[in-house]
Amino acid sequence: MASSRLEILNDGGLRHDARRPYELRSLSLELSTHPNADGSSTVSQGLTTVSASVFGPREPKQRAGSVHDKASVVVEVGVAPWAGAREVRRTRGDKRLLEIAAAIRQTFEPVIMTHLYPRSEIAVHIQVISADGGILPTAINATTLALVDAGISLIDYVTSLSLGLHLTQPLLDLSAPEEADLPTLVVAALPSGKVTLAQMETRLHVDRFEEMLTLGVEGCGVLKTEMDRVVKDRTTRVVERMDKVIQGRITGD
Amino acid sequence: MMTTAGPSHPPITILKRTRADLGLAQNKFLKKTAKGKVLSFLRERYVRDDIPCGFEGCDQCRDLPGYKPVLQKGYRHTKIDPHYLVIDTNIVLHQMDLLEAFPPDLALIIPSTTIRETRHRSLPLYNRLQQLVQDDERKVWIWWNEERRETATHAEENEGPNDRNDRAIRLTCHFYNQHLPIGHPLIVLLTDDRRNRELAEAEGLVCCNTKTYVDGLVPEVRQDLVDLVVGGVDAEVVTRGRRVYEEYLSQDVLNAGIKTGRFVQGYFNASQYNYLEGTVSGILLAGRQAMNRSVQGDLVVVELLPKAEWRAPGQDVVDADVDQRNDDVENEVEAKEKIQENVGRPVPTGKVVGVVKRNWRAYVCHLDRSSLLPEAQLASLSQQTVFATPLSVTLPRIRLRTRQAPTLVDQKILVTIDSWSPFSRYPDGHFVRALGKVESKEAEQESLLLEYEVPYRPFGKAILNCLPVEGDSWKVPPKGDLVWRDREDLRDLIVCSIDPPGCQDIDDALHARELPNGNIEAGVHIADVSHFVLPNNPMDSEAASRGTTVYLVDKRIDMLPALLGTNLCSLRPFVERLAFSVIWEMNDDAEIVNVRFVKSVIASKEAFTYEAAQNRKDGPLKDPLTQSIRLLNTLAIKLKAARMRAGALSLSSPELKIHLASSESAEPIDVEQKQLRETNSLVEEFMLLANISVAAKIQETFPATAVLRRHGEPPKTNFEALQDILHKRRGMTLDVSSSKALAESLDACVDPQRPEFNTLVRIMATRCMLAAEYFGSGSVSKEAYRHYGLATPIYTHFTSPIRRYADVLVHRQLAAAINYTPLHPSLQSKSHIEKTLNVVNKRHRLAQMAGRASVEFYVGLALKGAARREDAFVIRTFRNGLAVFVSALGLEGLIMFKDIEYDAENYIITVGGVTIGVFDRVRVEVGVEKDKNTQRGKVKMVMIEPVNQTL
Ligand SMILES: [Zn+2]
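Chains as they are written, first to last, in the UniProt record's numbering: chain G, 1 to 253; chain V, 1 to 951.
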């Protein structure tokens with residue numbers, strides 16, 4: 001066994017999962033997956049699946065958390081025992097989860113129109129169902145959809161993407177083995193191009209950083225288009241269903 | 001409205017998966033953790049429709065990314081219609097020499113399964129395959145079969161990985177048959193796996209084994225290739241009589257055994273003294289059966305025997321050449337193996353039960369004359385089986401079939417091992433090529449380079465294209481040029497270099513001066529190689545794979561093209577050169593007050609030899625340059641004292657200098673030990689200091705990826721034998737509890753009558769040490785950074801970037817640490833660093849061995865002219881002789897006796913009434929004798945005093 005290490009980019013320009021550098025993994029976006037929550041979603045990017053449930057706006061569970069002129073945002077992250085998220089559980093333990101929770105809160109606090117919900121709390125529960133790289137970006141995408149599903153007012157959609165640098169070649173939407181091997185950047189951005197989060201795992205030089213950030217923002221735009229489509233589809237379906245209900249009443253069925 | 005240019009990269013897309021792909025969507029992997037636990041996890045994968053087939057003019061593929069018209073005319077053959085060959089992994093693993101010798105217009109289709117599997121099984125073969133693929137002259141096409149929808153596979157139930165790979169490769173053949181237009185050349189599957197051929201034929205594919213294929217080539221081509229075919233991979237399993245070795249255990253059993261600690265995994269190390277003995281991680285393997293087909297460097301699995309069966313290591317010198325003289329090539333005569341019951345303390349003893357990874361490569365050999373047919377039959381060019389004896393005594397003889405035996409008898413030849421069946425005493429191999437006549441300088445030099453795997457091909461065009469266009473008229477541009485950005489002008493500093501005579505690649509220069517505040521400024525200025533060698537261009541990649549410059553007695557194999565190494569980077573005197581400077585402010589006690597690192601331009605004022613610098617320092621002159629040397633020397637003495645106080649070891653390995661009569665002649669005229677002067681120590685101290693300062697800086701800036709060098713603390717058990725000898729023979733003790741303790745007790749090992757005794761003990765102690773190695777700072781804990789020999793908590797190599805690749809990496813990291821340049825992304829990747837340093841470590845080790853072998857070759861030549869009488873020291877005793885060290889020649893040799901008494905406990909022998917023991921001084925006559933069968937020139941020593949064997 002000379003080398004069981006996988007090749008990040010082979011001579012055919014393909015990544016270990018046969019993607020090319022600028023190809024994102026297959027994406028699945030589902031809304032209202034947890035009926036008990038005020039809003040929820042399940043997002044899969046490749047083999048990484050994260051669900052988000054939103055509770056609120058509601059009375060804060062702890063008085064201390066209440067702010068008089070806006071809503072407070074609370075984020076909790078859990079990992080399903082079968083998720084295979086070794087990099088989270090084994091080596092970094094809870095600290096890593098707290099970091100993810102903090103990053104999500106920082107991303108959404110400026111995006112949620114919190115002043116519309118004074119003295120209330122918006123709770124986001126993230127559950128990592130399976131992990132194959134990019135837990136944070138997938139969790140951010142799921143949170144956006146869950147907030148939309150809960151009908152909470154947002155400035156705009158936030159989308160997020162991870163990217164890495166292999167020698168001089170940027171790779172988008174990293175899988176777990178890629179993440180383990182490359183300097184990684186997680187970008188979250190609004191459709192306007194405004195960056196709400198840029199998190200780096202390894203030092204990246206300024207020139208590179210700019211280039212990667214621009215690319216990340218562009219990738220976020222691609223995800224946003226997809227998100228729009230799904231939300232619109234759902235809205236159409238809801239409207240159709242309501243139409244039917246209304247028509248049913250009229251016709252007396 | 002403003003329009004912005006579109007992005008310079010392909011569009012960003014989201015891959016969609018259709019229901020039909022789902023079966024192919026995931027690959028299951030099993031991975032073993034460091035603790036031996038097996039985890040299974042999933043990896044995602046996608047299948048594509050845009051992988052091109054490489055066929056000239058293909059309508060469907062012409063526009064796909066990566067398409068090239070490689071597959072053109074089919075290849076002609078006497079039995080098969082014009083065709084392309086599809087090859088499987090076993091062909092690459094076993095027939096690489098043949099593949100390399102195939103005519104370039106024979107089109108090969110290589111499925112990515114073959115490539116991936118080769119990478120997994122053997123890195124050297126993978127690299128050779130890469131070279132084949134990248135050769136523009138050849139028609140080689142990679143088919144990314146697992147990535148393309150039609151040929152992607154997933155594991156079927158009850159299907160082993162090999163079966164799946166075979167199926168994937170057959171699927172590739174089917175794809176080409178269907179995809180190519182009607183009338184396309186035949187697709188022929190080349191495989192030596194009989195079962196795969198049967199399956200392929202049943203599926204209607206055309207296939208062929210190597211032997212049949214080569215036999216059917218047109219005669220001109222066939223005659224060049226026929227000796228290269230490795231026979232019998234699938235062929236009839238040859239059962240030559242009785243079983244000689246036990247079968248290896250299955251991988252599962254081995255893994256389980258390693259996990260429970262019943263088995264031990266390690267590299268096989270053959271004994272220098274006894275061809276029937278070897279060790280694995282300190283476990284003794286005694287006899288052929290115990291070594292069970294292990295070859296030097298193989299990664300093997302050993303089962304420890306019960307304590308009752310433990311044995312003492314051999315106390316005889318057993319010479320394979322003498323012992324095996326009568327072995328017949330064709331017949332496995334049952335050999336009486338004389339494993340003697342050795343006296344002495346039994347050590348853990350085991351036997352090899354499996355092989356994890358072979359370390360086989362091409363070996364330089366001689367044909368064994370005694371295995372050839374009688375003279376009369378020799379004239380015929382019929383194929384015959386012969387023995388080839390490798391140059392290295394640690395390797396077994398190799399049996400091979402050749403038609404060229406008569407022409408090869410007095411040649412050095414290259415032979416590879418192909419297989420080693422449990423029914424065969426010796427491994428089977430094949431002849432690769434002849435290197436030239438034995439003892440011709442060319443053959444000896446090339447064989448030495450091959451033997452130590454030194455890459456010695458001239459630098460290619462792509463590499464030379466990376467050199468500055470101005471060539472040797474390149475100059476430091478005038479101030480104001482971009483080159484001067486963030487560069488300090490140190491041209492007025494009184495800088496000089498001090499090197500061995502004739503040094504052309506001057507890496508380093510120094511200066512020192514007093515500062516107005518009473519402190520001293522000292523500077524080390526290193527050639528700014530990273531200014532010229534940019535990351536990841538062809539020149540950089542070549543330097544990375546060479547790893548180091550190799551110094552042989554009569555030749556230097558450069559890591560970088562000569563224009564850089566001996567000219568533009570070399571810090572020659574009287575010209576301006578780019579440098580990377582480390583500048584300290586020190587107090588009178590040589591303690592560092594401040595250190596800074598800066599890119600600079602210097603103009604060296606003088607290139608001294610050690611001798612000239614010493615004379616200048618000791619002479620009457622009082623000019624600034626002389627003062628600078630004196631100041632450096634004073635500081636160096638204090639630096640050294642501080643190091644010694646901290647417990648640095650002063651170790652010894654003999655260094656020799658060979659004087660050649662002229663560069664043309666191969667005859668050395670004299671051999672002398674290198675002389676060490678104060679100025680050697682001056683340079684050494686400042687280089688060490690620079691390396692330590694730089695190491696701390698890059699580690700602080702890049703804690704995960706800094707390139708460092710460490711020297712592990714040797715296990716105490718390594719010293720046990722030496723401690724016992726010292727104690728019994730001299731009543732001396734060696735305290736190995738720390739490097740400081742060791743250093744002190746080594747200092748105490750003196751014999752007032754014999755000053756060389758201390759050196760001898762140091763040489764022997766050095767052999768108990770581990771080798772120093774490069775590593776990435778993120779791959780070990782901080783405690784493991786330590787350099788044992790230098791007694792410093794952190795160390796690296798910064799001072800010789802012209803001739804060591806690690807230093808080039810360190811220069812890049814230091815430049816980034818001072819924000820001079822951004823750090824290239826490759827230097828942020830832990831795995832990239834590890835991979836690169838593994839190569840550099842290996843090259844470094846081999847280069848040292850090659851250098852030593854080259855000295856030995858010339859010492860041998862010098863002795864051939866006339867035997868010399870020299871003083872020698874006994875370093876080991878055997879039941880039938882002594883091993884001695886001749887310090888004047890840096891040579892170790894064996895002296896054999898017929899009738900002796902041997903006292904293993906006390907390391908003494910008695911011969912002819914005279915008692916001789918370890919550390920005793922003897923006088924020997926050193927000459928060279930040629931082995932009649934192997935043509936191997938051997939150093940032969942006989943004793944003159946106290947026992948005269950020549951009478
Ligand atoms: Zn095609």
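The hints are simulated quantities; they were obtained by calculation from the structure and are not laboratory data.
Treat the hints with care, as some may be off.
[As the list claims (entries may be wrong)] Residues from chain V that face chain G, not an exhaustive set, calculated with beta carbons under 8 Å: (1) HIS9; (2) PRO11; (3) ILE12; (4) THR13; (5) ARG48; (6) GLN60; (7) ARG62; (8) ASP63; (9) LEU64; (10) GLU147; (11) GLN265; (12) GLY266; (13) GLN828; (14) SER831; (15) ALA853.
[Said to hold, decoys possible] The calculated lysine-lysine pairs, modelled on DSSO-like cross-linking and capped at a C-alpha distance of 30 Å, are: (16) G/LYS95 - V/LYS555; (17) V/LYS940 - G/LYS224; (18) V/LYS830 - G/LYS95; (19) V/LYS830 - V/LYS555.
Ideal Cβ placement from N, Cα and C applies to all residues, glycine included.
Hints versus structure:
1. HIS9: holds, 6 Å
2. PRO11: Nearest chain G Cβ about 7 Å off; hint holds.
3. ILE12: holds, 5 Å
4. THR13: holds, 6 Å
5. ARG48: It holds, given that the least Cβ distance between V/ARG48 and chain G is near 6 Å, below 8 Å.
6. GLN60: violated, 17 Å
7. ARG62: It is violated, given that the least Cβ distance between V/ARG62 and chain G is near 17 Å, above 8 Å.
8. ASP63: violated, 15 Å
9. LEU64: violated, 11 Å
10. GLU147: With a closest approach of 4 Å, the V/GLU147 hint holds.
11. GLN265: violated, 12 Å
12. GLY266: violated, 15 Å
13. GLN828: With a closest approach of 5 Å, the V/GLN828 hint holds.
14. SER831: holds, 5 Å
15. ALA853: violated, 26 Å
16. G/LYS95 - V/LYS555: violated, 57 Å
17. V/LYS940 - G/LYS224: Violated, at roughly 81 Å.
18. V/LYS830 - G/LYS95: holds, 23 Å
19. V/LYS830 - V/LYS555: Between V/LYS830 and V/LYS555 the Cα gap is close to 35 Å, so the pair fails against 30 Å, i.e. violated.
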